[in-house]
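Student: Given next are the chains, with one letter for each unit.
Protein chains: 2
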Amino acid sequence: MNLTQAREQLLALQDRMSAYNHALSLISYDGETTAPSGTAANRAHTMGIFSDILYTLSTGEETVGLLEYLDEHRDELSAKERRMVYLLLKDIRFMQKIPKDEYVAYQRLVVESQDVWTRAKNASDFAAFAPYLEKIFAAQKRFAQLAAPEKDPYDYWLGEYETGLDQAKCDAFFARLRERLVPLIRRCQEAGQVSDACIKGDFDEARQEKLALWLMEVIGLDTAHVGLSTTEHPFTTSLGSHFDERITTHYYREDLSYSLFSVIHEGGHALYDTGSDDGLAYTVLDGGTSMGIHESQSRFVENILGRSRAFCAFVFPKLRELFPAEMDGYTWEDFYRAVNRVQPSLIRTEADEVTYSLHVMIRYELEKKLMHGELTVRELPAAWNRLYKEYLGIDVPDDKHGVLQDSHWSFGAIGYFPSYALGSAYGAQFLRKMKETVDVDACIARGDFAPVNAWNREHIWRYGSLLTAQEVLDRALGEPFNPDVYLDYLENKCRDVYGF
Amino acid sequence: MNLTQAREQLLALQDRMSAYNHALSLISYDGETTAPSGTAANRAHTMGIFSDILYTLSTGEETVGLLEYLDEHRDELSAKERRMVYLLLKDIRFMQKIPKDEYVAYQRLVVESQDVWTRAKNASDFAAFAPYLEKIFAAQKRFAQLAAPEKDPYDYWLGEYETGLDQAKCDAFFARLRERLVPLIRRCQEAGQVSDACIKGDFDEARQEKLALWLMEVIGLDTAHVGLSTTEHPFTTSLGSHFDERITTHYYREDLSYSLFSVIHEGGHALYDTGSDDGLAYTVLDGGTSMGIHESQSRFVENILGRSRAFCAFVFPKLRELFPAEMDGYTWEDFYRAVNRVQPSLIRTEADEVTYSLHVMIRYELEKKLMHGELTVRELPAAWNRLYKEYLGIDVPDDKHGVLQDSHWSFGAIGYFPSYALGSAYGAQFLRKMKETVDVDACIARGDFAPVNAWNREHIWRYGSLLTAQEVLDRALGEPFNPDVYLDYLENKCRDVYGF
Chain Y
737 MNLTQAREQL LALQDRMSAY NHALSLISYD GETTAPSGTA ANRAHTMGIF
787 SDILYTLSTG EETVGLLEYL DEHRDELSAK ERRMVYLLLK DIRFMQKIPK
837 DEYVAYQRLV VESQDVWTRA KNASDFAAFA PYLEKIFAAQ KRFAQLAAPE
887 KDPYDYWLGE YETGLDQAKC DAFFARLRER LVPLIRRCQE AGQVSDACIK
937 GDFDEARQEK LALWLMEVIG LDTAHVGLST TEHPFTTSLG SHFDERITTH
987 YYREDLSYSL FSVIHEGGHA LYDTGSDDGL AYTVLDGGTS MGIHESQSRF
1037 VENILGRSRA FCAFVFPKLR ELFPAEMDGY TWEDFYRAVN RVQPSLIRTE
1087 ADEVTYSLHV MIRYELEKKL MHGELTVREL PAAWNRLYKE YLGIDVPDDK
1137 HGVLQDSHWS FGAIGYFPSY ALGSAYGAQF LRKMKETVDV DACIARGDFA
1187 PVNAWNREHI WRYGSLLTAQ EVLDRALGEP FNPDVYLDYL ENKCRDVYGF
Chain P
737 MNLTQAREQL LALQDRMSAY NHALSLISYD GETTAPSGTA ANRAHTMGIF
787 SDILYTLSTG EETVGLLEYL DEHRDELSAK ERRMVYLLLK DIRFMQKIPK
837 DEYVAYQRLV VESQDVWTRA KNASDFAAFA PYLEKIFAAQ KRFAQLAAPE
887 KDPYDYWLGE YETGLDQAKC DAFFARLRER LVPLIRRCQE AGQVSDACIK
937 GDFDEARQEK LALWLMEVIG LDTAHVGLST TEHPFTTSLG SHFDERITTH
987 YYREDLSYSL FSVIHEGGHA LYDTGSDDGL AYTVLDGGTS MGIHESQSRF
1037 VENILGRSRA FCAFVFPKLR ELFPAEMDGY TWEDFYRAVN RVQPSLIRTE
1087 ADEVTYSLHV MIRYELEKKL MHGELTVREL PAAWNRLYKE YLGIDVPDDK
1137 HGVLQDSHWS FGAIGYFPSY ALGSAYGAQF LRKMKETVDV DACIARGDFA
1187 PVNAWNREHI WRYGSLLTAQ EVLDRALGEP FNPDVYLDYL ENKCRDVYGF
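Chains Y and P are the protein sequences, given in the same order.
If you want the working numbering, it's the 1-based position in the first sequence plus 736.
If you want the working numbering, it's the 1-based position in the second sequence plus 736.
These are computed hints drawn from the structure, not numbers from a lab.
Where is the CB? At the ideal position from N, CA and C, for every residue including glycine.
Misleading hints may appear alongside valid ones.
Said to hold, decoys possible - Listed below are the simulated DSSO-like cross-link pairs for lysine-lysine, each with C-alpha atoms no more than 30 Å apart in a straight line:
no., chain 1, residue 1, chain 2, residue 2
1, Y, K836, Y, K877
2, Y, K1136, Y, K1105
3, P, K946, Y, K946
4, P, K905, P, K1171
5, Y, K946, P, K936
6, P, K877, P, K826
7, P, K946, Y, K936
8, Y, K887, Y, K905
9, Y, K1104, Y, K887
As the list claims (entries may be wrong) - Cβ-to-Cβ under 8 Å is the rule here; a few derived chain Y residues that face chain P:
no., residue
10, D751
11, D766
12, T775
13, G963
14, D980
15, Y1018
This is chain Y alone, in the form it adopts within the complex (with noise of 0.2 Å):
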């Protein structure tokens, strides 16, 4: 092998990595949106056979052979081939310390799982999922303690979904968010509290529809390559690679605003994945760098953007024209106030801005008690319930809407929620750095998203997985982290929207 032929040989495993995964999102894809209810033995069929064969396709003899050669010539290397060997090497070292069986063992699991979640959250029947829970917990906590032995095994989890981040770092990230988000929560409570009636009522699907794929071209997507879908549980999904990206949304009757915020949520991710370098295609640099940079990316454009005046005030007529009767008589502040009011509430998908931060807290404070064995599966519910009633002083009616609300567990997301809290911080900083040079509120305030996205793709989309999440915070913004950012950026709000 000399290295010109390595350097195909490189590009071809990502190629055939990329038809697997395409293979494989798309028939989870499928499972969520169009599959008929009795087909998911037949998708884990599938599933473990890929799964199987892409473990032996990216950690067999062969590609070791080939990214270790790769390595020990890396001075000769672009730097996009060197990330790719950096980061592929990375999968091999945590994917030969797992044995093969359990790897496959592993994939099935999901997938049942993930059906398993969406009939026990139908019937709120939590010891439905529960065995399943279980098992995924447990897989994780032993993948984690193979692949890092040395370490914590939550520690291993968050760092995964965000490179460098660990327990102590949550720690003290989620103590600060506390120390000024619980004065804050109360101070709007004593404001008295804003109406949210124009957002409440009868919203017909169809027109719900028709909006969500109006918001896709108004935000910037690319609708040829980005599609729109309905799921239980909003996601955003690649096929194969950039080129297809796929949205979902769930349309609620009684709630406008639902579908239209996690239209933009997912629009924000698909956003950033569309953005990368075409040339990164079918390689594992396309698509986004951490979990985190995706979430500030989502709830950029969920929030920062779209529960701002300017925005509100440019969607407001398009709700005029689509639910007259429902609108009729109020204004667009009406609907700014609405989609900003700060209440606590039983599902994170559906809080508001300020208290969104103790649900992800809720999350993470249970996730690092399971891991740790300091709390059981079957505990869990009842933990859920005592969590939201003390940070958020709310009764849990049923699991349906309290344990299993979400589908993350079910696909073996443990170490995820973090990065819903630290995205949405590094949004407030971006947006921060961005008004030096682009006038934000008058882009918005006119539906024109081009300047804005200008700005994301030339800092953050382009680079896809090339940079890692640090490197895009270093080069964006010039200056260190810094949570009160955001904590500034939600007090001006509340400010705003509740006058004190």
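For this one, chain Y is given, so just place chain P on it according to the hints.
Tutor: Then chain P, alone, in the frame of chain Y:
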């Protein structure tokens, strides 16, 4: 290798082939149902890679060694295993003769071609599709010559869709049809036309979808394993095994009957596929044995049952419930006559039972000429239009309603069309046989498909591809195939509808 290991490997091989077929079918299905408009190249990328891998898997040294070993021990194999080895070796013998790069290029071609066809059809732009069609005919001619140099290339492809079929048999079959159908159509026309007013109008698509889902239940599909979507052109596909089957339809607001009969046509295919013994899943024996038998099942449900007096009387109350204004003043007999109206028309899939075979004949004549170089793709639209004038007496207004109407050629299905006519004829003979033990009319009149489905399952479905088409016919009928049974059936139908 010992025989026990070889038998296990035989199943493992087919397991993996099923996984790739699942992925390839799903990617294609996604492309036709859900995918954003600009994503065809991304699908072609993955499908090219998988076709390449599937080619190696199916024809590689290891597989050939395994199958030849098993073939040498065929006397020690079960009937199922012998048939698996036979079918797998048959494909190998074919693929061994096709250079791998040509095979992979062809797979990419048909993916792009389907996308181009969809757009060309919508724009009635044959010129855009022509270069793809030229390449597809050239490739299929070349593949036939490579696979069976001793055979006429069109005979080769006819035989691929229906074992033993060739131009001599088709010529004789179609001649007999023409001999009796042409005077029959004339007699209908002379009898004075019946009205189809009750199925024309403005039929809400959401209600048509409700009807479609109801019909799926009525004909006995298990909707936990059979899904419904909408596409340009209706089709049926299995995803990996008969445990996940998808049918599609297309709703036309102005015509109630199109989707109604396309759903039960595709539903007939799905009944056949999902009726395979479960023990055949994830093997090459899963699903139907030939296109002719497949079409016999789809056209059996669509026409022989679906357009019977009994079924029309049973369905009509549901139509009145869903479309009370549109059905006002009509009786079930109006509906029966409307859906059995004999009228030469432009579109094959909308044609009545009697003129239908003439549409097939036109395609057969054109394919024959194209495969023998007696007609060029450039000359095809004019030749198409000429034959429609000659056989059906009608003028084709544009290529959208002419040569671009069917998707078959866009995915390389040359030699498929005759099986539609053959299948119709098989179906009529199955009915005559079934009536010896099942009171078909009484069952259908009460919407009870179970006894009819039980007969088909017993004699046809459960075998999957374990038996050849000829074996299925011989065992089910106990007499030779005779197209006059079909022609008698059509003549009786016409006498009843037109009263001569």
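Student: Taking each numbered hint in turn, which are not upheld by the structure, reported in ascending numerical order?
Tutor: none
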